Structure formats: C-alpha cells, structure tokens
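Student: What follows is the residue order along each chain.
Number of protein chains: 2
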Amino acid sequence: MKLATLKDGSRDGQLAVVARDLKTAHIADGIAPTLQAALDDWTFIAPQLEALYAELNAGRARRPFDFDPARCMAPLPRAYQWVDGSAYVNHVELVRRARGAEMPASFWEEPLMYQGGSDDFLGPHDDIVLAHEEWGIDFESEVAVVSGDLAMGAGPDEALRRIRLVMLANDVSLRNLIPPELAKGFGFLQSKPATAFSPVAVTPDELGDAWRDAKLHLRLRSTWNGRLVGQPHAGTDMVFNFAQLLAHLCKTRNARAGTIVGSGTVSNKDASQGYSCIAEQRSLEAIGSGEAVTGYMRFGDTIRIEMLDEAGKSIFGAIEQAVKRLEP
Amino acid sequence: MKLATLKDGSRDGQLAVVARDLKTAHIADGIAPTLQAALDDWTFIAPQLEALYAELNAGRARRPFDFDPARCMAPLPRAYQWVDGSAYVNHVELVRRARGAEMPASFWEEPLMYQGGSDDFLGPHDDIVLAHEEWGIDFESEVAVVSGDLAMGAGPDEALRRIRLVMLANDVSLRNLIPPELAKGFGFLQSKPATAFSPVAVTPDELGDAWRDAKLHLRLRSTWNGRLVGQPHAGTDMVFNFAQLLAHLCKTRNARAGTIVGSGTVSNKDASQGYSCIAEQRSLEAIGSGEAVTGYMRFGDTIRIEMLDEAGKSIFGAIEQAVKRLEP
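These protein sequences, in sequence, are chains U and A. Take any residue in the first sequence, count from 1 to its spot, add 1474: that is its number in this note's numbering. Take any residue in the second sequence, count from 1 to its spot, add 1474: that is its number in this note's numbering.
Please note that the accuracy of each hint is not assured.
No distinction is drawn between identical chains; accordingly, a pair holds when it is met within one copy or between any pair of copies.
When the alpha-carbon atoms are kept at most 20 Å apart in a straight line, the in silico DMTMM-like pairs for lysine to aspartate or glutamate are as follows [as the list claims (entries may be wrong)]: (1) K1497 with E1794; (2) K1725 with E1607; (3) K1497 with E1655; (4) K1743 with E1632; (5) K1689 with E1784; (6) K1725 with E1583.
Read the hints as simulated data drawn from the structure, not as lab findings. For clarity, every value in this text was computed on a predicted model and none was experimentally measured.
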C-alpha cells in the first residue's frame, strides 16, 4: 500500500492512504492518527490500512479526494531516528579520490553510516531554505526504508522482515561546511540541514520483483533545473543492502519503530548513468581534468527526484523542491 | 516544577508532576498525555502543570502517591533529537593528549557536538545491557537541557529563552569501539549505545541562582560501585553554555520542541574534583605514568549520578544503573 501524511497545521500531520496510481487519497485517521502511531502498532494497524487501500484502488472508498503531493509533509514529518548509510561505495570512493584522500579498504566490508537530525523533515514540495549559497548547497538522491522495532544484536534476516516502508529522500548537504566539520571528528551537524522525503511511502510488497535482496532494483531519476542529470540503477553497486545497514545500526542498541535508514547517494560505477548529487559530478571533473567546473545549487534552483516502475509510472510521487534564501 | 514519565507499558509512558522534595507525585495525563505533548504546546500546558505542582507541594493535590524513581522512564523515553556537546573542553583536551593527538585551537572557540540516537532512551534505573565487556563500557555524567522550537539562525539569547527543562544524563560510551568508528569520519554510531536520563526534568526557575549564564552551577556527583569518583562543578570550565550549544545546532536548520542538548562529560581543570567518566581518569593516568590502570566497567558494576542543591537535597533524583550482559 501507499501512505502519505497531509499538512493540517499540526506537527505530525494527518495519515492518508493513497491510491496505487497516486490520483486519489483517503484520510485514514479513523484507523491511526499519524504514521508513527501506525508504525507503533503495525501488525494491528497495517491490515486495516490495507483494507482501505484496496477499497480506494477499487473505487469503493467512501470519501476519496484528489491526491496533491504539494499538500504532503514527509511521510514521517518528524521521526525518532534517521540514520543514513553510504551503501554505494563507488560514490564514497569518487568523492575521496577527488580530494586526494585514501579510502580505507574496510569501507567495502563494513557500512559507513551517520546519525542524522530527524526532528524537522521537509515535505516533498517544501522549499530548501538556507542562508548562504556559499555553504555549497547540494542535493543527494537516495532510497530510504522505515523499520519496525529491532532488538540489539538483530541480524540482517530479522532486519529484513522488519522493513515496513520504502520511500525516496533528498539528503540535502552543505558541501563547503563538510570538510571543517568532519575534521573535528564527530560527524555531521551543521553540514546536514533538513532532509526531504517523497510524497508517499510504500510497503515492500507494492514494489513486486523490484524489491529483492533488501534492495530496490529500479532507476532513481534526478532532474536539476529541468535537466535529467542522473538515472543510476539503485539495485546496482549497492554494496550493503538495507537489511545489512539495519543490522549494523543494531549492533550495540535497539532500533525502535519508525527508524529511517537511508541508502546514501545512489551511484553506479558506470558514469554514463549520471549523478545523484553534484559533489559526485564535481569529483569526476576533478579526477578527469583537475578542475571541478559544475557549481553547487543557487537560490532559485530546482531539484526533482523520482522513481518510475517498469511501466513508467511514478511509484513514490516526486520530490520537487526549490532552493530559497532564508529571509531574516 | 519537576516532571517525570512513569512506566505504564506504553512507548511514551505517563506524564507525572513530582513534588519538589521528590517524595510524592501526581499523574498529569488529564493535562497532557506525555511530556512530548506538553513540550509541543508548552505555553498552554506548562501553566496547568505548574498549578498541579503547586497543589502537590502544598499537600492539596487530590491523588498523590509515593514517587518511585525505579518506576521512571527517561523524562522523554524517545525524542526527536538528541545532540551532545563537548562543552568541558578540558575533558576533550585530556583524552586527546593521552592518546598523543593534538587538539585544534578552534575547539576553544566553536562547540564540538554530535548527533546522537534518540529513539530508545533508558530510564534512570534501567540496566545498561550490552553484549561484551571488551567494548570498553564507560559512563559519562552530564547535564542536559530540553528546548522548545528554535528557528534556523536563532542566536544564544533566543535559545536561552527556549530552554524548557534541565536534567541529568548518562551518555554511555563504548570506548574501544570509538577509535575505529571515528576514524571512518562520520561520527559515532555503534560506539554510543542508549543514553539514560535522570528521574525528573526540572524547569530552570526551579534551580534558582544555580541556573545562570545558561549553565548549572552545582556539583555533579558520580559514584561508581559505591565509591564517589567525581564531583566536578558543572558551572566551572564549561566553555560553551547551553544557549551557545543550541545556537550552534540551529545555524543551518530549525530545532523542534523536545530537542535535547547535552553538555558533554562534566570536567574541571582541577583534577582533585575527580572524574565523570573513566576515560578521563585513564587519560590522567596515561599522561602521568604512561599507563592507564583503571579498567572500564564490568558486568555487575553500578553507576550513580546525582546533583544536590546547596541544602544537600537531590534535585533530579539519581541515575542508578547496573551493567548487565545481554542474554542471547
């Protein structure tokens, strides 16, 4: 099924079921007030949402309305955990090579993940509001999953069974703040502003054969200022799958329902597939000619991130954001 | 006022008001079901909680009961954000010097903070359950604040006005996992297991003169296996106050209500005040004799963290935890 959270002025929005074709939706607050509430009690709530989803798709739901992605918040407008992996190690290697840094061989064997801020996510059409272009504003197109409860020490098999939802993410990054911040040794804080998510989150069964091996086997399309700049295959070159990322997270602690884990920037070794973040393109330029020529995003720039199924239909709806200057 | 969250089998527990002397408590779920709900609507909810607090202290509340810290969850059993600072730079410098690493001079001018996991906090009497002693289990005694909404770009003055609550934290750390994890460059993940918080969180006005300059000017007592090992003054040698830490966090994004910010391990330059984490003691030993002799925590060890007011009364109740082996 497909789920969305609609803006209603509250912090957590209103849970809605969205039709498979993304054309209509139906309020689901009679079943669960919020997506977090549904995740907190998933085995009880999910079948009721599935029943409403079936009715909506069959045209038998009582009060359907037109689905408008611009009215969406992130499926979880705020979450208790957001951890982002770097599962496409090709991306990590490229970016490091461009700045002359060695990548430890262990990066191919153990996931690299960071703990992100999760208290204030952006909806799919919300502006990316920032104070300075000079911070080096970049998008990062990613796949993300939402898990149920996982106990400390859970392995990949158990983690796979607890993946409740799949969605897309724009892990906005401030490239020029990253080197000094990472040099301090404690990871990202200011260099990772609010992350945006796709209009809908979908259950893995909705993805059919495209969901296998705890990976999503479809292309992720990034369109920057109206130009398609990347369509790498998310099932290719993903060195750690989502089950492995979740198991890595759970080694020393529990992960509770609603934990979001990102894939990291989707990146293929085949550079002809384009890029899912500007930093990667700049790295390729720097490695090739010695100079990165593509600039980061400017105020007014737009980014669209979308995934189509085999029939060419949008699965998650599109993340469609514009970069805006923070008005003091 | 003093607030606590009681275990009731739910994920977020039950909000209670606790008497100033920590002897009695009163359920507050008629006012707000959870502490997060109170923080979400603080200006409306807080006065109602204050009224109940006044009645409880005056012995006029309708259904008071004995307050039992062992029944407490963390005041926020799960939160949307937990960011920990290293405001006692003396601690950072000592630990680095012991391992022969230079500390950049900028650490005295710009806060060092990391994004922590916030989905699964421990209550004040909950066991610290971990799989291996070899991970190097350590406590870290800290002061923490809970903020209301802060907009991107908010400065220290505004941040100070948004500090809603103050509490104590045990930021449990796995010392032997830290060096390899930090070497990967993305900060802590596995090396920071679940954090514990004090039985009650208190509003700043409750602290009287001890709360000034956005710092808490009292000693933080750490008792390891029944022996007082540290009582450094939390108002001394805190290089960045809580308002500055919050402003640092908000530079590129909003911080939403319920954001928890930790002080980092409380540490005084005057080493006779003892230590708030074993790593610091080991650093002093290594610097002094070349060898760290104090071992990390073993299964069965206990840690008690508490702060007394000028009259010798416990303000927050005690964090009192035992380390236990994870049963497979």
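Student: Taking the hints in turn, state whether each one holds.
Tutor: Consistency of the hints with the structure:
no. : hint             : result
1   : K1497 with E1794 : within (17 Å within a copy, 54 Å between copies)
2   : K1725 with E1607 : between (38 Å within a copy, 14 Å between copies)
3   : K1497 with E1655 : neither (43 Å within a copy, 45 Å between copies)
4   : K1743 with E1632 : neither (30 Å within a copy, 47 Å between copies)
5   : K1689 with E1784 : within (16 Å within a copy, 58 Å between copies)
6   : K1725 with E1583 : within (15 Å within a copy, 35 Å between copies)
Hint compliance for this structure: hints 3 and 4 are broken, all remaining hints hold.
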